[in-house]
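Those protein sequences? They're chains X and D, same order as listed. My numbering puts the first sequence at residues 1 to 466. My numbering puts the second sequence at residues 1 to 403.
Keep in mind that the hints were calculated from the coordinates and are not lab data. Remember, predicted model here, so these are calculated numbers, not experimental data. Just to be clear, a hint being listed does not mean it is correct.
Once the Cα atoms are required to be at most 20 Å apart in a straight line, the calculated EDC-like pairs of lysine to aspartate or glutamate come out as [unchecked claim]:
1. D:Lys186 to X:Glu294
2. D:Lys313 to D:Asp223
3. D:Lys145 to X:Asp111
4. D:Lys388 to X:Asp111
5. D:Lys186 to D:Glu283
6. D:Lys199 to X:Glu439
7. D:Lys388 to X:Glu439
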Amino acid sequence: MNLASASRALVSEDFIEDLRAIVGDRLSTGASVCEQHGQDLTYHPAAPPDVVVFATSTEEVSRIVKLCAAANVPVIPYGAGTSLEGHLAALRGGVSIDLSQMNEVVSVNADDMDVIVQAGVTRKQLNQHLHNTGLFFPVDPGADATLGGMVATRASGTNAVRYGTMRENVLALTVVMADGRIVHTGSRARKSSTGYDLTHLMVGSEGTLGVVTEVTLKLHGIAEAISAAVVPFETLEGAVNSVIQTIQCGVPIARIELLDEVQVMASNLYSKTDNPEQPTLFLEFNGSEASVREQTELVRDICDENGGGEFRWSIRHEEREKLWEARHNAAYANMALRPGCKIMVTDACVPISKLATCLLETRRDIDESGMLAPIVGHVGDGNFHLTILLDPEDDNAITRAHALNDRMIRRVLEMGGTCSGEHGVGVGKMEYMEDEHGEGVAVMRQIKQALDPQNIMNPGKILPAR
Amino acid sequence: MSETYKPDTPEQVLDALKWALAEEQTLDVLGHATKRGFGKPASGHNGLDLSSLSGISLYEPGELVMSAAAATPMSEIQATLDEQNQRLAFEPPNFGPLLESGPEAGTIGGVLACNLAGPRRISAGSARDHILGFRAVSGRGEVFKSGGRVVKNVTGFDLSKLLAGSFGTLAVMTDVTFKVLPVPEKSRTVLVRTEDQAKGVAAMRDALHSSHEVSAAAYLPADIAALSDVSYVSAGKGGLCALRVEGPGPSVEYRTGALRQLLAGYGETDELHTTNTNALWREIRDVAYFVSGGEQLWRLSVPPADGARVLQKITESICGRAFLDWGGGLIWLAITARDDAAHQEIREALDGIGGHATLIRASEDVRARVPVFQPQPQALAELSARVKDSFDPKGILCPGRMG
Chain X
1 MNLASASRAL VSEDFIEDLR AIVGDRLSTG ASVCEQHGQD LTYHPAAPPD
51 VVVFATSTEE VSRIVKLCAA ANVPVIPYGA GTSLEGHLAA LRGGVSIDLS
101 QMNEVVSVNA DDMDVIVQAG VTRKQLNQHL HNTGLFFPVD PGADATLGGM
151 VATRASGTNA VRYGTMRENV LALTVVMADG RIVHTGSRAR KSSTGYDLTH
201 LMVGSEGTLG VVTEVTLKLH GIAEAISAAV VPFETLEGAV NSVIQTIQCG
251 VPIARIELLD EVQVMASNLY SKTDNPEQPT LFLEFNGSEA SVREQTELVR
301 DICDENGGGE FRWSIRHEER EKLWEARHNA AYANMALRPG CKIMVTDACV
351 PISKLATCLL ETRRDIDESG MLAPIVGHVG DGNFHLTILL DPEDDNAITR
401 AHALNDRMIR RVLEMGGTCS GEHGVGVGKM EYMEDEHGEG VAVMRQIKQA
451 LDPQNIMNPG KILPAR
Chain D
1 MSETYKPDTP EQVLDALKWA LAEEQTLDVL GHATKRGFGK PASGHNGLDL
51 SSLSGISLYE PGELVMSAAA ATPMSEIQAT LDEQNQRLAF EPPNFGPLLE
101 SGPEAGTIGG VLACNLAGPR RISAGSARDH ILGFRAVSGR GEVFKSGGRV
151 VKNVTGFDLS KLLAGSFGTL AVMTDVTFKV LPVPEKSRTV LVRTEDQAKG
201 VAAMRDALHS SHEVSAAAYL PADIAALSDV SYVSAGKGGL CALRVEGPGP
251 SVEYRTGALR QLLAGYGETD ELHTTNTNAL WREIRDVAYF VSGGEQLWRL
301 SVPPADGARV LQKITESICG RAFLDWGGGL IWLAITARDD AAHQEIREAL
351 DGIGGHATLI RASEDVRARV PVFQPQPQAL AELSARVKDS FDPKGILCPG
401 RMG
């Protein structure tokens, strides 16, 4: 990483006044507001912008970006600040455009099962809004992120196996490009065959190509019935093989999560439960009542054949919540293991046939490193997270955690996997881009150069400095 | 087209592109040339025939992933998947007969480059949603790869999505990796007989809103239904709405029953079992009803609830035959051939609703004259041009193919 060499932009008093002419009082240069907008929840160091503006419309964002383009000042879009790889750090200073006040659900088209929202609407706010329509939006990263931010990071969640990630659920976008132009990509029509798929070029571009201001999303019907199940396994292989066979059978499973024995232990401590401290699968099935029962029983048989222990399941709401408690509380349980610690969350993804091997080797590395790092996996996709707890008393913690993560990523890349399944690159994964993509990085650079020749859109992210 | 080059390896593809760059020659990229009739006519100086780049290089049924050279025939891919009872979930159509290029469906690279999808588009997405990674040579004469074989990957710009549907204008794909999925145990189709197109669209909406996991939804008016080889469909002598459910046996039976009950108010219901279901959806997928007749063919994509209304507006002024797929979101419209393919009237009908119309079949001179693809607003067109420039600054790949 060669971030320090990029010079900080010049943000003059006149420039601030020009911004004020656009947004009035919705602007702050105060240290605390700027710092808050340059810091995420992880170990990444803060890099505050020079000024934060709170935008209220696409037109306003366009005017702000035009001003920044004319003055060569960086633009960093900000939603809820829940990204995990330093995406929002203002490495060269500049303007953080906070979109959280653009939080209107513009229109729900129940007949077509789609919705248009402003970028600052959060996923929970959207689902509350959809209450009573029989529809919901499925993508559920842990935090209550904004939908604009979820587009930018191509977020996913626990039910990606069934409903896909942001990639599969965005139909159209309004984007302010680097020169301030407003572009509408895609349409509410399901299939776009008019030119290149610019919508999906923007999805996952982490604010480096433009500012997403409005999003058209696909909605899904709420399942008539849901069942949840929990099953511990003697071995990790047994758990992973159950997942592979389940998917191969074509069971349209909604969620399938793995907690390793360390994570189960952490959750037991936190929730005062007594789940067997073994690799454990948490499952959820959606559909009609008959199909849910059938899916659950089929998967129970598969788990039995693979050495699964007691298969507990239920279709009743309270019991489902209880069964999944350990999974829902995993993040809090980890924090409680070492109060006051910072965390580093890894995000590797491997072909599912390599998952068991990868997890076992990684667990051995963790144990040898002496660090505390429970593992949670969205195993249906081969995606798993280590939550490495960083002891604030230990000066070397970040270095050791980096080494652990680095070793794991090299392993994952060798297995044909990726360093990031759902969190994105930001600054945290830039050093692996060349290893993972080779010449593909040059192609990405050419696209970046073509769409943002001044390099003002969230500079210093995704593409490593040459 | 003066000459056609036929590389045997990806390295020779690179050589061909370097040559073209040096000599300022343009290239039309071909697999089996089954989709030459789709899009703007090819106008390159030379052809680049990839048909020697063929063969499946990786197939992991347990992992639901396959890699193949770009010009691997679809027939070979289907046959290999059949052996493991798997399939391409996006249900790629075979437009060979429709585009008068022969009985075959072409190559996997062609399917991805044209971003094709069949009736399962509404539940499984299109080719674009199933491509995981690729290897290609860009118009700059540079080899690159993107993605890989994992389903989730958020490391940088999603180049696979960009190449899907780019008609060979950005880069020449040499290898592709894509998702495959198990074939469900059983498929059934619920038929709801109604002459009223708007009612048919409403029935599809209700079915798609239900929790019965409908994987495809189409409406065939009486004149189209009469052409079906499935007797239950043609013998009814009327229009009907068709809804497909797939999955394990008991669940399919339950859902079929529940759908019939749910939709009884729209008309008489009936059901097709697996064989007839497969036959019907193959006809719809391949637009078999319009293979003969020599009409010009349009594909209109609209928000599903607007499908019936748009179609009514068009057929008020233009003489044609049509049916709806994708729950009303896709209109297949065959019109009596005209010099202008009625493009203005058809696109005017889409004004203000956010849809688009693509001319799928017309003679080469008509396709040369008429905008085959929906014209883009200026800002978007300029953005697309910049993307094209970043991949192919000299414009050597498939010039003019996308209009």
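Verification of the hints:
no.: 1; hint: D:Lys186 to X:Glu294; verdict: holds, 14 Å
no.: 2; hint: D:Lys313 to D:Asp223; verdict: holds, 19 Å
no.: 3; hint: D:Lys145 to X:Asp111; verdict: violated, 40 Å
no.: 4; hint: D:Lys388 to X:Asp111; verdict: violated, 36 Å
no.: 5; hint: D:Lys186 to D:Glu283; verdict: holds, 19 Å
no.: 6; hint: D:Lys199 to X:Glu439; verdict: violated, 53 Å
no.: 7; hint: D:Lys388 to X:Glu439; verdict: holds, 18 Å
Hints 3, 4, 6 from the earlier list are contradicted by this structure; the remaining hints agree with it.
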